[in-house]
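**Student:** Using the sequences and the accompanying hints, generate a full structural model.
There are 2 protein chains.
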Amino acid sequence: MITVDWKPNRFSPVPIQKQIEQFIKEKIVNGEWTIGTKLPSQRALAQAFDVNRSTVVAALDELTAAGLLAGNTGGGTRVINTTWSLLASVSPTNWNANVELGIHPPNLPTIQEINHAEFRSGIIRLGTGELSPSLLPASEQMQQLFARQAARPIPLGYQEAKGDSFLREQIVQRLKKEGIATSPDSVLIVSGALQALQLIAIGLLKKGSTVLLENPSYLHSLHVFQSAGMKLQGVPMDPDGLQAELLPAYQKQFKGAILYSIPTFHNPTGNVMPAKRREELLRVCDEQSLPIIEDDVYRDLWLDERPPCPIKAGDKNGNVLYLGSMSKSVSPGLRIGWLVGPQPVIERLADIKMQIDYGASSLSQWAAGEWIASGAYDQRLAVIREQLRVRRACMLNALERNCRDLASWDYPTGGFYVWLRMHEAIPMKTLFDRALSAGILLNPGHLYDRQEFGALRLSYAYASLEELQQGIAALADIIRSLGATGRT
Amino acid sequence: MITVDWKPNRFSPVPIQKQIEQFIKEKIVNGEWTIGTKLPSQRALAQAFDVNRSTVVAALDELTAAGLLAGNTGGGTRVINTTWSLLASVSPTNWNANVELGIHPPNLPTIQEINHAEFRSGIIRLGTGELSPSLLPASEQMQQLFARQAARPIPLGYQEAKGDSFLREQIVQRLKKEGIATSPDSVLIVSGALQALQLIAIGLLKKGSTVLLENPSYLHSLHVFQSAGMKLQGVPMDPDGLQAELLPAYQKQFKGAILYSIPTFHNPTGNVMPAKRREELLRVCDEQSLPIIEDDVYRDLWLDERPPCPIKAGDKNGNVLYLGSMSKSVSPGLRIGWLVGPQPVIERLADIKMQIDYGASSLSQWAAGEWIASGAYDQRLAVIREQLRVRRACMLNALERNCRDLASWDYPTGGFYVWLRMHEAIPMKTLFDRALSAGILLNPGHLYDRQEFGALRLSYAYASLEELQQGIAALADIIRSLGATGRT
Chain S
41 MITVDWKPNR
51 FSPVPIQKQI
61 EQFIKEKIVN
71 GEWTIGTKLP
81 SQRALAQAFD
91 VNRSTVVAAL
101 DELTAAGLLA
111 GNTGGGTRVI
121 NTTWSLLASV
131 SPTNWNANVE
141 LGIHPPNLPT
151 IQEINHAEFR
161 SGIIRLGTGE
171 LSPSLLPASE
181 QMQQLFARQA
191 ARPIPLGYQE
201 AKGDSFLREQ
211 IVQRLKKEGI
221 ATSPDSVLIV
231 SGALQALQLI
241 AIGLLKKGST
251 VLLENPSYLH
261 SLHVFQSAGM
271 KLQGVPMDPD
281 GLQAELLPAY
291 QKQFKGAILY
301 SIPTFHNPTG
311 NVMPAKRREE
321 LLRVCDEQSL
331 PIIEDDVYRD
341 LWLDERPPCP
351 IKAGDKNGNV
361 LYLGSMSKSV
371 SPGLRIGWLV
381 GPQPVIERLA
391 DIKMQIDYGA
401 SSLSQWAAGE
411 WIASGAYDQR
421 LAVIREQLRV
431 RRACMLNALE
441 RNCRDLASWD
451 YPTGGFYVWL
461 RMHEAIPMKT
471 LFDRALSAGI
481 LLNPGHLYDR
491 QEFGALRLSY
501 AYASLEELQQ
511 GIAALADIIR
521 SLGATGRT
Chain H
41 MITVDWKPNR
51 FSPVPIQKQI
61 EQFIKEKIVN
71 GEWTIGTKLP
81 SQRALAQAFD
91 VNRSTVVAAL
101 DELTAAGLLA
111 GNTGGGTRVI
121 NTTWSLLASV
131 SPTNWNANVE
141 LGIHPPNLPT
151 IQEINHAEFR
161 SGIIRLGTGE
171 LSPSLLPASE
181 QMQQLFARQA
191 ARPIPLGYQE
201 AKGDSFLREQ
211 IVQRLKKEGI
221 ATSPDSVLIV
231 SGALQALQLI
241 AIGLLKKGST
251 VLLENPSYLH
261 SLHVFQSAGM
271 KLQGVPMDPD
281 GLQAELLPAY
291 QKQFKGAILY
301 SIPTFHNPTG
311 NVMPAKRREE
321 LLRVCDEQSL
331 PIIEDDVYRD
341 LWLDERPPCP
351 IKAGDKNGNV
361 LYLGSMSKSV
371 SPGLRIGWLV
381 GPQPVIERLA
391 DIKMQIDYGA
401 SSLSQWAAGE
411 WIASGAYDQR
421 LAVIREQLRV
431 RRACMLNALE
441 RNCRDLASWD
451 YPTGGFYVWL
461 RMHEAIPMKT
471 LFDRALSAGI
481 LLNPGHLYDR
491 QEFGALRLSY
501 AYASLEELQQ
511 GIAALADIIR
521 SLGATGRT
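Respectively, the protein sequence lines represent chains S and H.
Under the working numbering, the letters of the first sequence match residues 41 to 528, in that order.
Under the working numbering, the letters of the second sequence match residues 41 to 528, in that order.
Keep in mind that a hint or two might mislead.
What the hints assert, rightly or not - Listed next, with one range per pair, are the computed distances between beta-carbon atoms: (1) Gly-415(H) - Arg-429(S): 41 to 49 Å; (2) Phe-493(H) - Gln-181(S): 51 to 59 Å; (3) Arg-93(H) - Pro-276(S): 53 to 61 Å; (4) Lys-216(S) - Ser-94(H): 45 to 53 Å.
Calculated from the structure, these hints are not laboratory results.
As the structure is a computational prediction, the values presented were derived from the model and not from experiment.
Note that CB positions come from ideal geometry on N, CA and C, so glycine has one too.
**Tutor:** Dropping the structure here:
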């Protein structure tokens, strides 16, 4: 479905209806709306243009009469001719058939809805897993970084396949403090941790492979492995995280090629795997020859005390591929993450990265390196932690006041998330839609576990304090309206 | 094959051989070199460490005696145990089996060799298709861009799926001057034009589809379509470019799903398709319902006169997907390109891009937008054109002096390339190797046409004037030494 981002000019002498006809005609003439393109509904167009629906109907009727559009009952209005195809007997490409063809599936419908709704003004985003704009560094801070006479010039050419060596060195130094011994040779800079997963999917795994992972898991909301022909298989969690002792049985049945885990401030549950479980998990995986992807992008966002060392810190056999990122801790816009692992793996994936996009932005890599080296990264983290603590308290408070009888949740010691488990299953799609109508955007649990219809991923990272309070109060009302009876 | 980027410290009291043993042990202990990892050859290690081969042999013998390494005749030395696997009976992952498994093929061997050789110091890169570092904007210029009080703050959060709207608006304005009418809704910002191809491959084409393209073509040197399960089928060129009149026959036989063309300053031949052929190509493709990918990344690098309007400018049916980039004209490190096409196609590909890497670096997008809006882009182009003219003259001069009897070539009116066609076929692999030994890196023609063993892609964009002269003289000598007899 196409989106429309234009409004008629009310001060123009040209009648509104004519302006709308002109706008649509131009889209068709320019080849932006090709034959087969389905227009938004009359209601949606009226809303987008900010006019009465009757004006839209009149404009569409005009264009239909001109042979450009055709409407059918139920199916909406489509482009059926271009001004040119009416003149000449050419057969333009039916792109709308093509967009259904590709190998890569579209995002899950709920995710697409979320992606669109995010740009609505005034929407309260109760589940968004990213830092609020108010928590991002000020534009001036970034400008200062560039303004300061940096010893290193900004590289503007292509970079080494593994990425900027200064940045890799900075990352190695930081990882050392977390107990991970590695060298820049074994670090690959990626355009965010998501790209690391993409590279692993297409670079290391056979088609048909199974990826074991926590259930629920953030990874269930993505297509990164599935679109490369792999299957996901969830493994149950307990309060200490993934149940390592179940792995041998799962391996027997599913023959996983790799295990994906977020042991620290797990997405979506907020769980932290204790040191003992980490050791057990590593030992079991070593015994099973099951390599691990350790997604550790939330590590720096501890709020009460430092989390246990990464699993990678205990990895003496190179069984762990370790992922980090600046997206959750400083700026998602930088698109900078890193992948640490055995050197042959890193070199293989670097070669593929070069084939996919010739490496990450050198501007971003430079800025990330300076950001860490100058100490700005750690200063920033201190600020963000302070603010996240306030936000966490605010959300837990609002939950306590409004939802104690409806749901349960755990106290998150870091990261962004509260995993809200309803006492009773409720119709999730209805909850999502009603909340959206009320201006509240939710991340339903089934995004992270297809079988989960009684949970929501809440995040205290994005919405403002006021929105958090207001949003959770309204959410509780909607849940009640759906028939959930309070328990005491 | 892993690379080694470390040298022993000659001023250390620790003997060189011990340092080498220590270095290798550490790689193994950290899990960077896992079991199965193949070490570089003794000769390569000696070169990397800058020591005698006997020292390397002694160190490897020591580690072999310790049970960590094993050598076999011919196969080189491999890691067979980790210090830990010797102690415990765990079975570490054999990553080296995994790196062979993935779906995505490694780069072509010649491309891998080129990628590695590019970082050798002192190498003369006669075929490199990128601007010389001396042609890139100075670091200060980029700093000034950030320092100036820009009206727009630098966005540090995630961006809209289609990319920064200010940058898209700038691109629309520029394209208007080239005769392309579009709107920001129909523009997708990508991390370089290569990523646009990647998105088209996985987002619009069915597995097993055939992509028609010029023969030779840059695209033959990539795996972007093949790794997504598509086939490439070359169509012959004449001096006016792709022979449009052959397309109906090719379509009948190969049923191409899409046509890829570089009509302006073609890579690798440097050809420019005249306006008339462009019209014919568009007409034939319209008739055949064959959509076109127009790769126009060299457009701004005209050296004598402006090239004809893009094919997209004549496209009234939305049959053309148009690619542009800043990589060839300003800075490859920015990783900023754009894709222009029908809105439903753009929205489908934007959705996939969000799934792959959550969009291009917002820092790069911001800088690219400012770069264009401030006029710095056009100023920079003027400087680059001036320098490329000088470089072109220098290369053509050197060719005239050294190669007239060995090969023929056309005068390039823009872009980077001279397509050198040998009068006689010569053993290309030997030429490549001998040139490399002589410190000259070549891009052999078979990278762009598997059947082509008598051509080289030369580029006047990368090597310095001195290197161009020296390199071409040496190249001519090597070609002669391979038995090519001069023709008169």
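**Student:** Evaluate each hint against the coordinates.
**Tutor:** Each hint, compared with the structure:
Distance hint check for Gly-415(H) and Arg-429(S): the Cβ-Cβ separation is about 46 Å, which falls inside the suggested range of 41 to 49 Å. Remark: the range hint 51 to 59 Å for Phe-493(H) to Gln-181(S) is upheld by a beta-carbon distance near 56 Å. The hinted range of 53 to 61 Å is satisfied by Arg-93(H) and Pro-276(S), whose Cβ atoms lie roughly 55 Å apart. Between Lys-216(S) and Ser-94(H) the beta carbon distance is about 34 Å. The supplied range of 45 to 53 Å is therefore violated.
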